[in-house]
Structures are given as C-alpha cells and as structure tokens.
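Numbering-wise (the numbering used here), the sequence shown opens with residue 1 and increments by one.
Have a look at the derived ranges for each label pair, beta carbon to beta carbon:
#1 Leu248 to Thr102: 28 to 36 Å
#2 His363 to Pro242: 22 to 30 Å
#3 Gln14 to Arg77: 20 to 28 Å
No wet-lab data here; the hints were simulated from the structure. Don't be surprised by glycine CBs; every beta carbon is placed ideally from N, CA and C.
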Amino acid sequence: MSAPASAATIWDSQRLGITVGSVVLIFLAAIEALAVTTVMPLVATDLHGEALYAVAFAGTLATGVIGMVVAGAWSDRAGPRAPLYTAIALFIVGLVIAGAATDMYTLVLGRLIQGLGGGGQTVALYVVVARVYPPQLHGRIFAAYAAAWVVPSMVGPFLAGAVAQYLHWRWAFLGVAVLTAIAFVLVAVRLRGVDLNTHPGESEHHPTEGLPAGARIGLRIVLAVIVAVAAVVVGFAADLAPAAGWPLAAASVVAIAFAIRPLLPAGTLRAAPRLPSVVLMRGLAAGAFFAAEAYVPKMLMERFDFSPTIAGLALTVSALAWSGGSAVQGRYGERLGSRRMVVISTVLMLAGFGGVLVIAAMHAAPWAVVALWGFAGGGMGLLYPRLTVLTLAYSTPADEGFNSSALSISDSTGSAVTIAIAGLLFVSLPIAGSGFPVVFGLAVVVLLIAAVPGFRLGDGPEGRAVSSADASSR
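Start from the sequences, fold in the hints, and give me the full structure.
Printed below as a string of structure tokens:
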C-alpha cells in the first residue's frame, strides 16, 4: 500500500532508487560538462584540431535541441521509459567515441551523439518525475537535481585537470561513461514494473495540433534541426568581424524565431499568460545568467590578474547559492507564490549583474565579484526549479513530454543566442577599453525583459496549486 501523499518523500522506499539514480545521472552530466571545458584545450592540441575547438562545444548544444524534441514527442506517445533508456545509451556511446577518438573529427562526432543523448535524457527525466512523483514533491526533486550540480562546480575542473595530468584526458570521457552506465542500471532496475504509460489525448497547447500525429512529430523534428543549425551559426558569428557577424547573427535569430514557434506552447513569443510565459521566462533568464557567467572568470583573469583557481571561486560560490535557493524554493515555493518568487529572484540577480557591471566599468574591488555572483546564483536557484514545477503543473499526461521539451529548448536556445550576442557586443562595442561592461549590461537588459512574462506565470491549475500548498504548510 502506498504512503499517504502527506507522508511521501523523494527518499521513501518507493522512489529511493529512482531518486538516487536520476540525481547521479544529473551529477555525472554536470561533471562531464565541466570536465570537457577543462580538458578541451589539451584534446585539441593532442588531436591537432584547434580549428574545430568551438564546434566541439557548439555541436553538443545544437544536437541537444534535437534530442529534446524527439524525447518529448516519444514520451507523449509511449511514455518516458524507452526515450530515457535510448538517451542514456546515446550519451554513453558519445562519451566512448570521444574518449577513444584518434582525430578531432571523430571526437566532434562523439560530441554530437553525446548532445543527442544529453538533451533527450533531460526531457525524459522530467517526464519520469511527472509520472513517479506527486505534485507536492516536484519542487523537492528538482531542488535535488539542482544540488547535484554543486559538487561538480566545486571539484569538476580540478578533478578533470588532475585526471588529464596524471592519467590521460581520455578518462575525462571514458570514466564518466563507465559511471553513467552504472547509474543507468540502477535507474532501469527501479523503474522496472513502474507504470509510466501516458493516457491518450491531445493537448490544447500544441501549435501543430491540426496535423496528423506522425506529421506533427516529423515537423517538430525538422524545425528542431533548423533551430540547432541556426544556433550554431549564431555561435560562429561571434568569431567573425562585426560587419559580417551582426547581419549573420540577425538572420539566424530571425530563422530561430520562425522555426521555434511550433516547438513551444502557443503564445510563448508574445508572453501569453501561464505556461507560455513560464517557457519564455526560462529562456530569457537562462540567457541573461549564462551569458554573464561566461565572462565572470574571463574578466577576473584578464582585467584583475586572478589565477584560474581563484577566478573559479566566483562560480563555486554561485553554485552553492544556487543550491541554497533551490532548497528554499522546494520548501517555501508554493507558500510564497510565483509573483513573490519572481520579484525576489529578479532583485537578487539584478544585484549580481548590476554590481559586476559597476566593477567592470570602474575597474575596482574585484573581490566583490565573488559575493555578487553568489547573489545571482541564489536568484537563479529560486527561479529555475520553480519554472520547472509550474511547467509540470500546467501539463497533462498527454503533453508532459512536449511541454518539458519546450522548457529545455527555450533554455538551451536562449542561452546559446544570448551568449553569442554577448560575444559580438564584447568585440564590437568596448566601453572604457573593455567589452566586459556591455556584456553585463546586456544581462541586465535581458533580465528586465524576462520580468514581463515573469509577472504572468500564475501559480498553476487551482487543484494542483492547493494540494501543493497544503503539503508545504505541513
């Protein structure tokens, strides 16, 4: 007999194995992402592939969008079990190919396959959460997922460097592949016999609902490919001269805007209330934060002569604050409500972005960046899991996969495009001899734009919101 909803936890006997296995999968994905950033210079030199260095990063992000769409559509039609298993298998295969590569082209191929698996894994895990955990536990499990990034943020770069120095850079890929395979077995064993099937039905949120199911899925996959290719082009535009880069980036962004619309809930790009605004705010907030964060250690090292280890301290503090914010959201999110959460998280992030902007412009008090970036991380920790919880609250069994993939697509695309635009601004519009102030200024502007859909999120359907609030109050 199952435990009453009020007594259920993400660590109870029914869900312990799934919780541990899925958290480990998130942890390993985080370790791998940070490890690759650390060892890729060594990889490019060893494989004589400096020209493909950027593609090794951009390609993974691009194919991740395709994986998200495929996993979302597949989960809606047949449940998340097969998509999850396939995604994890692709992730492992990609790691093995990259780890065994003898030339840069093979390594890039592995990274592309890895991106397919990584994107699909994220969406499939979201759907598993919707099927296995009751709504009052969604905030807790997503807070656990966010916390799974904390340790990798603290030790990932150091560990990867040590592995590369004392063993070989290949183990940064192969070691994660072995550990992921073990986590996969744990999840598969615990999911065996669990009912993850969807119920037939169509969602009012699908912009392509007038098409037959097969044609709708095929169209979404084609559009995902267009978005992925255009996102990669935006990334390459940052490496071109501004006269060529800006027109190319603008054309690519327009292409993304047209292609991405059917991949998102209807009304997303015009910030329609409830679910569309949830998805839009996720992309804007992610873009603002990650575009700025990409330049925090760069500024500390280039402008203030910090060592890489000390410069990374800002990211560590931010990761810890993110985890703390996620924990607060998991415990008090329903009690505070979406509007208060948006206000608090926006104020925290504006303090971080604005403070670092002042430091970049004034060229003073660099150590304050460490604390300021903690404010930004705490704001994201409050906001990020809240948006995921709301996405599931607004979803039905028929569209959990579509909506989860839309959230991840918005996240990845918003991050990629904003980072690329930040790169163009950095080289095109330096202020006081540096491009750093304009980058952090961009983050402030994008975050303020994100506040528009932020005040239109709502608190979820009444029934789910009440049950979640009741559980929180106990």
